[in-house]
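Chemist: So the chains spell out like this:
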Amino acid sequence: MLRTLLSVMAVLSALATTAHAQSSIKIAILGPMAFVQGENHWAGAEMARDEINRAGGINMGGRRLTVELVKVDTNELQSVPDATNAIERAITRDRADFLMGGFRSEAVLAMQEVAMDNKKIFLGAGASLTKLGANVEANYDRYKYWFRISPTKDTDLIRTVFTILGSVAAQIRTDLKKEVPKVAILAEKAAWTEGLVPAVQKTLPAMKLEIAGLWQPSDRATDVTAELSAIERSGADIVFTLLSGPVGIVVGRQMGERNMKAVAFGINVEAQKDEFWSATAGKGQFVSTLDTFAEVELTPKMTPFVRAFKERFKKSPAYNAATYDGIYILKEAIEKTGTMNADQLVPFLEKMDFVGAAFYTTFDKRHDLVWAPGKTAGIAVQWQDGKKVPFWPPQIKGMQPFRMPR
Amino acid sequence: MYLLRRAWANLKNEILVLPSRVLVALWVLGLALLPVVWPDPYILRIVTMTCLFAIFAASWDLLAGFAGQVSFGHALNFGTGAYASALLAQNLGLSPWITVWVGALVALVIGLATGWLCLRLRGSYLSLATLALPIIVIGVLFAFPNFSGGELGISGLRRLTTSPVGNYAIAAIAMLVSVFAMWLIADSKFGLVLHAIRDDEVAARASGINTTRYKLAVFMLSALFAGVSGALYSHFLRVAGPSTLEVALSFQAVIWGIFGGAATIYGPVAAVFLLYPFTEWLGNFERLSELRLLIFAVTVLVILLFMPRGMVSWVRDKIESVCPRCKARNGAWRRECRLCGAGLHGAFAPARRAP
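Residue numbers (our numbering), protein chains in the order written: chain A, 1 to 406; chain B, 1001 to 1355.
Simulated from the structure, these hints should not be mistaken for lab results.
Even for Gly, the Cβ is constructed at its ideal location relative to N, Cα and C.
Among the hints, a few may not be true.
Said to hold, decoys possible - Covered by chain B, according to a simulated footprint, are these stretches of chain A (three or more residues, beta-carbon under 8 Å):
{"no.": "1", "region": "79-87"}
{"no.": "2", "region": "108-116"}
{"no.": "3", "region": "126-135"}
{"no.": "4", "region": "192-198"}
Based on the provided sequences and hints, a complete structural model is requested.
Modeler: Laid out in structure tokens, this is it:
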């Protein structure tokens, strides 16, 4: 009697487990959740989950599966071991079927190893390090489960910056009738700019741009008067910025206070945030930077996504919110292949041609986004009268003219 | 049969007589049985990391707790072990079973250099000087990115073994051997000299002790063990990056050391075994995970407020007492010393019957 009862209970619990496993797809969203990057990872994923579940979930071989998200705080900005522990927990404890997110390159490298150990598909949505994709090429059998959905790899980001710089320089040539515009390089003193500065110095002359000089303040500098007055004296037309720290706000504010004639363009992470205008006390006029999302038709889905995001979260999405696309990529792959088996999904993802909210996604042999302006290279925005105005690629509907300070 | 009887006698007379020894025995038994009773890869990963950090924390205690050379840059030795092992494995294709040892030896040499540089410094000056060293090394690594991997470090390293149980076993054995070795060193005549140097270096020198030699030796030994933990860490995570040299990691060692109880070796080990899984456990709760650093800091502050000599020392004082005559430790319940029969807790010793 007891044995029968135990057998029935075992069968029931097994059935319950199977039923539970089949009723939803668990996706772990990995990010530094106390920081803006993790918030965007989670917000983008939440939007996709709610839309998909409202529409009936994911159809896997005739079965309807809901999307279940697991919020995983990797604490990766402060501790690499915490990040690896978090991803291990997501895989072995939370039983996540797929992994998505990551931001700090050193931590993502370590997390990639754990994901590959467990043969889990990991869609990167934050780290731009080339090595992550190079691993796929070097050891395909081990790293094939890694795909990068946002942003493009670091070398492609630089290609984008130079492409936009060329476009800005062309406008200066026309407006100012100056054949060789002068460019001042303003790069914060940080490890990530050390490799970039020589590349910029080498490339600018080839683009028929004269280098006015190189200035390197600290990424946390609270005053850049000396640098900016020297740049003014140099007669620079463009201030090419490579700034990720709070110095980006100081540069924007003090350029506005000095009514500088040069225009700032490049990478300025602070200028990507909605709070930039108020942080510069309204002086950040004409500061421009790379970005990912705006209300433009880079893809047919971008404007509706950005509007819905702003309505729900009261702020603009950052590039980490591409987890939204990541979940739709998985949905399409699962529905087309009818399986959640990673080994069967990988070949499908490799050949996929997906139109998302951020990009037209296709993957190369390293499972990186195939770089193409107007498709995966992102956009450029300029602060104009308190608004972040998208201006590049100019042929895209919704783009507005780039403005010069004079 | 004789051996069994002798083992039981040893167990009964050496371990079961003191609650702290019973706790240590249970802890070792728990570590040995963990992969059998709870083979969850996540748990094994947490305990593996805990074991590696326990070596690191204990090595700081050897230097700071026993010798009084309070280092605020102990991550230098951890990072040196990690980078040296990683670079050798990556560039020369050597097996991690070899590079871990070489990495530890490189850390030992760096420890010697640190000790030599800081010989004339004491107190807060020594602490600040040691704080600067890993920052300088990070700067050097960033200056040669082609060699060191720059801000991303060296990745794709080979593991010592591929299975979670194997990795756990290596870390646990390395931790037990290292901690036991450090405890033996601290408990030896060498440890006694370190105590003397910490309490009054001038007096120690006046007593004929070559304090320079002892200080250099402890810098080297401490660096060696920290280097072992760093090298094992890099091969376990498969990454050796600048985070292994971060100031935050150096301060973690200080926090673990002070929290558990300095100059004990087992104190920092216990602190790591309590605090590291605790903060990880907090990460399991969505609402608490973002507050875990705050909770960690408050916990440490509260414990140190009520247990200023460290938690383990406080607990040990509660469950054991020291004989006023022979200084042997006894269970707190005993009224007379288990070795000399002297009265404990102020009680008079009963007259001992002649044998």
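Chemist: Hint by hint, note whether the structure agrees.
Modeler: Structure-based check of all given hints:
Coverage of the region 79-87 of chain A by chain B holds in this model, with 7 residues showing a Cβ closer than 8 Å to a Cβ of that chain against a need of three. With 3 residues carrying a beta carbon less than 8 Å from a beta carbon of chain B, the region 108-116 of chain A meets the three-residue requirement, and the given coverage holds. For the region 126-135 of chain A, the stated coverage by chain B is satisfied: 3 residues place a CB nearer than 8 Å to a CB of that chain, which reaches the threshold of 3. Counting residues of the region 192-198 of chain A whose CB lies closer than 8 Å to any CB of chain B gives 3, so the stated coverage by that chain holds, three being the minimum.
Checked against the numbered hints above, the structure breaks none of them.
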